[in-house]
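Student: So the protein sequences, as listed, match chains A and B.
If you count the first sequence from 1, you need to add 11 to reach the numbering used here.
If you count the second sequence from 1, you need to add 794 to reach the numbering used here.
To be clear, the hints were calculated from the coordinates, so they are not data collected in a lab.
Don't be surprised by glycine CBs; every beta carbon is placed ideally from N, CA and C.
Please note that a few of the clues may not be correct.
[Stated by the list, open to error] Counterexamples of contact, computed for chain B against chain A with all Cβ distances above 12 Å: (1) L956; (2) S978; (3) I1000.
[Stated by the list, open to error] The following label-pair restraints were derived from C-beta to C-beta distances: (4) I811/B x I25/A: 23 to 33 Å; (5) R83/A x R853/B: 34 to 44 Å; (6) G872/B x L19/A: 36 to 46 Å.
[To be verified] A few chain B residues that face chain A, going by a derived Cβ cut-off under 8 Å, partial list only: (7) Q924; (8) A930; (9) L1010.
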Amino acid sequence: MIIVVSLLIILMLISAIAALIYKDLISAVIAACMVSLIAAVLFYFLQAPDVAMAEASIGAALVTAIFVIAIRRTRRHEE
Amino acid sequence: MRKIIGIILLIIICWGIILALHKIPFGIPKTKVGEYYIDKGREETGAANIVTSVVVNYRGFDTLGEVTILFLAAIGLGAVLSNFKEKGKRKIELASLILKTGCRFLFPLILLFGAYIFIHGHLTPGGGFQGGAIIASAFLLVYLGCRGRIFNEVGCKITESLSGLVFIVMGLIGLTVGGHYFLSNFMLTGQINTLFSAGIIPIIYIAIGLKVGSELTGVIDNLMEKS
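Please model the complete structure; the sequences and the hints are all you need to start from.
Tutor: This is how it looks when you write it as structure tokens:
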């Protein structure tokens, strides 16, 4: 159990750093979506299913979609 | 030079936070209100899910504030995007047959799941906000898969206003009839763990779910159509 949680946290950190480093903004948004998704799984492991559902539906689905729509309107690559 | 100033500021802020936090004992409950909710919440409100009993019953006024914040955010987005012209004549790229059929198949199922989440908010994990977000993601799927469908904006606004009105009216009835405070539980709590229980909690959660769902759908509609 503790190994799974630690692996998830390490994966979450890697995705968060990747979201900062990527110059392609679509990739950065997908990495941020991954952070939200892993956070939802961790909330579930911490026995907070209500928060996990909110995080998965808002953080991983809607916010990602809104960011992608905004990027489509502006530039895709960071300078 | 700027980096050095940033690092110094960061160290000062960290020092302040550590100074503030190290006096708080971790793991020791300092307030009795949490224990009270866990012990008495089920009998007092009749909701099997203690989180729901706190969110809607004990802290119902805060929930009204959250719904209002979301409403203001949606209005602000609409006001900002109203300057853009609607690109009605843009050539819409239609999705392939497989994607279209898949979206048509999945849309009612996701809608049903969202409705289940907020109707059963007092029994199972979840509630109005989660169910509303799931309903909005179903509409997002329609926007991505079946472009060119005309979205009923007026119906969305009417649903949103009516559900907000239901929330306020239930609170005002509680003010006059029940425990004489705003959003008091004036209906019978009934048998615990059944669908028709917990008094006003299911009604308010259905109102919140419809309100959040229609608001987020309006946000997605604004973004997809005007940008």
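Student: If you check the beta carbons of R83/A and R853/B, does the distance land in 34 to 44 Å?
Tutor: Roughly 39 Å apart at Cβ, these two residues keep to the hinted range, so it holds.
Student: Taking the beta carbons of G872/B and L19/A, is their distance inside 36 to 46 Å?
Tutor: Once the Cβ atoms are compared, 38 Å apart, the range 36 to 46 Å for L19/A and G872/B holds.
Student: At a threshold of 8 Å, is the proposed contact between A930/B and chain A supported by beta-carbon distances?
Tutor: holds (6 Å)
Student: Is the claim that I1000/B lies outside the interface with chain A correct, judged by CB distances over 12 Å?
Tutor: holds (17 Å)
Student: Under 8 Å is the threshold here; is the Cβ of L1010/B close enough to any Cβ of chain A for the hint to stand?
Tutor: Holds, about 6 Å.
Student: Decide, holds or violated, for the assertion that all CB atoms of chain A are farther than 12 Å from the CB of S978/B.
Tutor: Fine: 23 Å to the nearest Cβ keeps S978/B off the interface.
Student: Holds or violated: the 23 to 33 Å window for the beta-carbon distance between I811/B and I25/A?
Tutor: holds (25 Å)
Student: Would you check whether Q924/B satisfies its interface hint, that is, whether its CB is within less than 8 Å of any CB in chain A?
Tutor: holds (4 Å)
Student: Find the nearest Cβ of chain A to the Cβ of L956/B and say whether that gap is larger than 12 Å.
Tutor: holds (23 Å)
Consistency with the previously given hints is maintained throughout, with no hint failing.
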